[in-house]
Each structure stands twice: as C-alpha cells, then as structure tokens.
Amino acid sequence: LAKTTQPISMDSYEGQEVNITCSHNNIATNDYITWYQQFPSQGPRFIIQGYKTKVTNEVASLFIPADRKSSTLSLPRVSLSDTAVYYCLVGPILTGGGNKLTFGTGTQLKVEL
Amino acid sequence: EAQVTQNPRYLITVTGKKLTVTCSQNMNHEYMSWYRQDPGLGLRQIYYSMNVEVTDKGDVPEGYKVSRKEKRNFPLILESPSPNQTSLYFCASSPGLGWQDGYTFGSGTRLTVV
Numbered sequence: 001l002a003k004t005t006q007p008i009s010m011d012s013y014e015g016q017e018v019n020i021t022c023s024h025n026n027i028a029t030n031d032y033i034t035w036y037q038q039f040p041s042q043g044p045r046f047i048i049q050g051y052k053t054k055v056t057n058e059v060a061s062l063f064i065p066a067d068r069k070s071s072t073l074s075l076p077r078v079s080l081s082d083t084a085v086y087y088c089l090v091g092p093i094l095t096g097g098g099n100k101l102t103f104g105t106g107t108q109l110k111v112e113l
Numbered sequence: 114e115a116q117v118t119q120n121p122r123y124l125i126t127v128t129g130k131k132l133t134v135t136c137s138q139n140m141n142h143e144y145m146s147w148y149r150q151d152p153g154l155g156l157r158q159i160y161y162s163m164n165v166e167v168t169d170k171g172d173v174p175e176g177y178k179v180s181r182k183e184k185r186n187f188p189l190i191l192e193s194p195s196p197n198q199t200s201l202y203f204c205a206s207s208p209g210l211g212w213q214d215g216y217t218f219g220s221g222t223r224l225t226v227v
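These protein sequences, in sequence, are chains U and C. The first sequence maps to residues 1 to 113 in my numbering. The second sequence maps to residues 114 to 227 in my numbering.
Worth flagging that the hints you see were computed from the coordinates, not collected in a lab. No experiment lies behind these values; they were computed from the predicted model shown. Even for Gly, the Cβ is constructed at its ideal location relative to N, Cα and C. Hints are not guaranteed to be accurate.
[As the list claims (entries may be wrong)] Covered stretches of chain C (in silico footprint by chain U; criterion: 3 or more residues with CB under 8 Å from a CB of chain U, positions within the stretch not fixed):
| hint | segment |
| --- | --- |
| 1 | 154 to 165 |
| 2 | 220 to 226 |
[Unchecked claim] The calculated lysine to any residue pairs, modelled on SDA-like cross-linking and capped at a C-alpha distance of 25 Å, are:
| hint | chain 1 | residue 1 | chain 2 | residue 2 |
| --- | --- | --- | --- | --- |
| 3 | C | Lys182 | C | Arg157 |
| 4 | C | Lys184 | C | Ser220 |
| 5 | U | Lys3 | C | Lys182 |
| 6 | U | Lys110 | C | Lys182 |
| 7 | C | Lys178 | U | Lys110 |
| 8 | U | Lys3 | C | Gly155 |
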C-alpha cells in the first residue's frame with residue numbers, strides 16, 4: 001500500500017473551511033484515496049473516496065490533482081462536532097485479495113468557537 | 114440496524130489470565146478484522162479474516178489469536194495477556210477485502226492489563 005503523510009494536527013474555528021492535505025507520492029495506478037473520520041473512543045467511519053479530480057458528498061469534498069501524488073479533504077463550514085482525527089488511506093479496492101485497510105496516525109482537527 | 118458489536122466495552126484484567134473479546138456483525142460481511150489503537154501509533158491491524166475458517170496475520174499479531182467458525186463472529190483471544198497489550202481495540206467488517214469505503218467499525222474495547 002502507498003505510504004501516506006498527513007499533518008499531525010490542525011486548528012480551526014467554527015464556520016471556516018478546513019483543508020487537510022495528504023501526500024502519497026508512490027500511489028499506484030489502481031489505488032483509490034479514502035478518508036475516514038474518528039471521534040474519541042469510537043471506531044473510524046467512512047467519509048469520502050475518490051480516484052481523480054473532485055468528489056463531493058453531503059459531508060466533504062475530495063480534490064485530487066492530475067498527478068494523484070496528493071489529495072485534499074475539504075470540510076466546508078466546520079463546527080465543534082467536526083473535531084476528530086481524519087485518516088487518509090491509499091490502496092486498491094475490490095481486488096479480491098492481498099490488500100488490507102492500513103491506517104496511519106491521522107490528522108487531529110480541533111475546532112474552536 | 115447494521116452494526117458491528119464488540120463486548121465488553123471495558124475490561125481490566127491481570128497478566129496471564131486468558132481473555133476473549135467478542136465481535137459480531139449482522140451485515141453478512143465476508144471480511145472481518147481486528148485493530149489496536151495506541152497513542153501516537155494510529156490503528157494497527159492485528160488479524161483479519163476473508164471468510165469462514167480463513168484468517169491471516171496483520172501487522173501486529175504477536176500475543177493474539179483469532180477464530181472464524183461462523184461468518185458473523187470473529188473473537189479476539191489473548192491467551193496470556195501482558196501489560197503491553199493494554200490498548201483500545203476495534204473490530205471491523207466489510208463486504209469483502211478491498212472495500213475501502215465499506216468498512217464498519219465497532220465501538221471499541223478498552224483493555225487494561227495490570
């Protein structure tokens with residue numbers, strides 16, 4: 001699986017847009033980029049997934065440049081409840097074998113009033 | 114409600130006393146996995162199972178055992194717990210290996226070994 005690098009922590013204020021960037025220089029052709037969110041003492045939960053360009057859902061947007069060596073998770077107008085750890089994962093999907101979900105240390109986002 | 118259920122949520126035990134943490138999912142998922150989470154180390158995979166009677170080691174399998182006799186259950190067994198196994202444990206399941214967006218995690222089991 002491609003190794004990922006994320007900032008250890010970020011701070012923001014309510015109502016602001018937060019962008020968390022993940023570097024994955026050795027991403028493979030068949031790798032997808034997936035983001036998970038984890039609140040304290042809870043298991044991670046899926047936020048968004050993409051392969052290239054831009055993906056948007058009701059929670060976030062994911063921007064992936066043409067070279068795919070990085071990606072940015074964008075959280076619009078964050079609130080206190082968005083305080084959590086965010087994980088960037090890179091790997092193939094639906095290959096049927098060999099790969100596994102590998103988490104790094106994630107980015108601790110703290111949102112204040 | 115589709116969910117992964119772990120028990121117990123909290124457990125304090127003594128060194129060497131065998132224990133089992135249960136994990137059950139009601140989504141008919143083929144793939145199940147155990148992770149441990151420690152400060153500064155993120156989530157690390159202990160064991161995973163691609164289907165009934167098929168299990169394999171993750172990144173940190175030492176000191177742990179698992180079994181997959183039924184599709185819905187994937188217990189984590191610590192035959193002789195040691196203090197370095199004090200951690201927060203998560204069970205996860207997905208429709209299949211590789212479904213990065215389909216993972217459902219349990220609520221966690223906080224284990225303390227004294």
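To see whether the hints hold, each was checked on the structure:
Chain U is given as covering the segment 154 to 165 of chain C, and this holds because 7 residues of the stretch bring a CB closer than 8 Å to a CB of that chain, at least three being needed. For a cut-off of 8 Å, the count of residues in the segment 220 to 226 of chain C with a CB near a CB of chain U stands at 3, and the three-residue condition holds. The suggested pairing of Lys182/C with Arg157/C holds, with an alpha-carbon distance near 24 Å, which does not exceed 25 Å. With a CA separation close to 19 Å, the supplied pair Lys184/C and Ser220/C stays within the 25 Å bound.
Between the alpha carbons of Lys3/U and Lys182/C the distance comes to roughly 34 Å, so the proposed pair goes past 25 Å and is violated. Between the alpha carbons of Lys110/U and Lys182/C the distance comes to roughly 42 Å, so the proposed pair goes past 25 Å and is violated. Our distance criterion of 25 Å between C-alpha atoms is broken by Lys178/C and Lys110/U, whose separation comes to about 37 Å. Restraint check for Lys3/U and Gly155/C: satisfied, since their Cα atoms lie roughly 14 Å apart, inside the 25 Å limit.
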